[in-house]
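Visitor: The residues making up each chain are set out below.
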Amino acid sequence: MARKLLLENINVPGIKSFDVYRAKGGYRSVEKALKTMSPDDVMEEVKKSGLRGRGGAGFPTGMKWSFLDRKSDKPRYLVCNADESEPGTFKDRFLMEYIPHLLIEGLIVSSYSLGSNTTYIYIRGEYRWIVDILEHAIAEAKHNGFLGKNILGSGYDLEIYVQPGGGAYICGEETALIESLEGKRGNPRMKPPFPAISGLYNCPTVVNNVETLATVVPIINMGGDEYAKIGVGRSTGTKLISACGHMNKPGVYEIELGLPVDEFLNSDEYCGGIRTGHTLKAVVPGGSSVPILPAELFYKTKEGVARLMSYESLSEGGFASGSMLGSGGFIAMDETTCIVRNLWNFTRFYHHESCGQCSPCREGTGWMEKVLHRLEHGHGSMSDIDLLVDIAKKIEGNTICPLGDAAAWPVASHIRHFREEFEYHVKFPEKVAHSPFAHSADYKRELNTVLQ
Amino acid sequence: MIKVTIDGVETEVEPGTTILNAARQIGGDLVPPAMCYYSKLKGSGGKCRTCLVKVAAGSAKDPRPMPKLVASCSTPVQDGMVVQNITSPEVLEARKGVVEFLLINHPLDCPICDQAGECHLQDLAFEHGSAKTRYEEERRTFDKIDIGSKIQLHMTRCILCYRCVFTANQITNERVHGILNRGDAAEIGTYIENVIENDFSGNVIDVCPVGALTDKTFRFKSRVWFVKPMYAHRNCDKCCGKTTVWMKGDEVFRVTGRKDQYGEVEDFICNDCRFEKKLASDWTVEGPAPIQRNSVQAQNKYLQGIKVDAPKNIGYGNISDR
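Taken in order, these protein sequences are the chains called A and B. In our numbering, each residue carries its 1-based index in the first sequence increased by 2. In our numbering, each residue carries its 1-based index in the second sequence increased by 76.
This is chain A alone, in the form it adopts within the complex (with noise of 0.2 angstroms):
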């Protein structure tokens, strides 16, 4: 069994309230960290540990928060992004939504680290339930001492505020996120200035991932060069990844970073291997918007070398041959899987959650979706092809946030590796016109006919 340390209690019974939790060590890194630290000592905690950011971008966390501006005499925030919004990705969900105060723990060791008196829980507001929940514990925190003025005797004040968010995809992003957390409509700012200098309400701000907050709580306890022991490489420590699609097991695990893929796809611990009776085509390995990754390049990278589930394996290879771990968002598709649609769901997302504030994404996204659809409804052309990958290369980079190259990867890489599918919705339309789903297994039989 692999170590855990965010779910190592999941299965206690009752651990959602403050007692059971308290009970099993809970908030220990809270005493730890105001009773014998200074904030300067947590923050080379987390240096140490190199926990890189759990949000999908995979920033090292300690150097993030060693830009806030610690100088201004403005009020600092730390603000977490609970608005986990990207398709596939649910694994914030469950750690709030079972294990609450572990979040709020993180919460406290963090603030008090960065100077924050005020901290914000910006959810997503679809996680209505999950609001009480957090409101609960925030209120048993507070009710034990945690939360409140003179948090144990140490001087230190702290109140947790959660905001749900109004709905949209773009508010996870962290400028959007302060925008909406300000009361405006969520869009994207420029930066400079980064919310570090100046960000809610142009105070000095740090926003981070849920799970990257609750990783303090390990890090402070265990310290962080033990944390960095754990993974491979610059992947240190412990990975929440939410996995589904056409696997036997769907759910959130957590795995240390350096796992194999074979053995999180395959092993009964994890994924349970693809469904009975069918073989893996695809893997998404974090979340929509990254490169998708045909089975012959999930297992091995281009060079032959075996992938592992951390961020720089993943990555191997860029682009061209490569993916990345993102927000852990893992989605497995088998051979019944039509690319095509496939892709087309995604760019729908896409082109429905854009701001609209820059040219590129809102046109470009809305005009990938129009070709998809007509690919996939068997109007297309093969100048559609080659045109959905000009598209692509015009948005991507070229945007005020990133939401633009969340759009366009996924249609360079699902053109890249299943183009010939692709090549099929066109030289075949009756065949994918009132079928989506029944022709995308005998694609390439068809195919290889009518080539030779």
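What the hints contain is simulated information worked out from the structure, not anything from laboratory work.
In silico DSS-like cross-links for lysine-lysine, where the CA-CA straight-line distance does not exceed 25 angstroms:
#	chain 1	residue 1	chain 2	residue 2
1	B	K118	A	K186
2	B	K137	A	K73
3	A	K49	A	K73
4	B	K130	A	K193
5	A	K193	B	K172
6	B	K116	A	K193
7	B	K137	A	K193
8	B	K116	A	K186
9	A	K372	B	K208
10	B	K318	B	K353
11	A	K395	B	K130
12	A	K76	B	K118
13	B	K172	A	K372
14	A	K395	B	K144
15	A	K395	B	K208
16	A	K193	B	K144
17	B	K172	A	K395
Fit chain B to the known structure of chain A by using the hints.
Guide: Just chain B now, with coordinates in the frame of chain A:
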């Protein structure tokens, strides 16, 4: 002062200057185009992405290039920064892409658009666009919305630059319009069919880079190249009173703010000056306003019948062009 090199031309600028404004100090062809940036409006820019440039060297201290193209209107220069604008094929390619995106839903109805001849998108498409479109899908269209007696909103032409929203926010006392919806369904609209009618609301017409917001008192009365821009002024208790009046003979067809070479007004003017003062006797005409020689507005200009109260050395076009 800090040094920045743009397309091989070095210039010195104040710290905090953006790449776009540094380029504007140099002038000429290496100034990136800008559809949403407006120097008079705080917070504008960065949205249309037409001003993307390549930063080949971040600064003298850290000469690493920036990984992505950056919006020149919102990126401050660093000492020793090296920027590529028209010398970068990557930038030209990206700009071509942006023009294509902008023209997806912007109709090419220049022959019937009041903005023709002074439309920034028209110029941008001419310089950076391609002659053919690859967009085969249905384009979005809107029903016309009545937003008052002076301003016509033609949403079909809007490119969502946000300039009018910033103007209403920053210049007028109360903003009744903004962006509704999101993505390519986003549109400029008023809150529950409100009308835009405050003293400075007419400025949204001047800042609109395309023909989405036009002057109802001028619409379809003439093409812009048939009327002649003249600098004029009057005593006004609401604004500076310094305007450009667009005349044909002795007749004033429309009044706008005075604009610089980048199409930005020097001072915002009030609605009284813009919409109500349409007699030549309302104005003291100073003389012809400068016109770019390559502009379509330079066509059909004539002096007959116009009483010019201005120094004799003012004529048509830029002084350097004469």
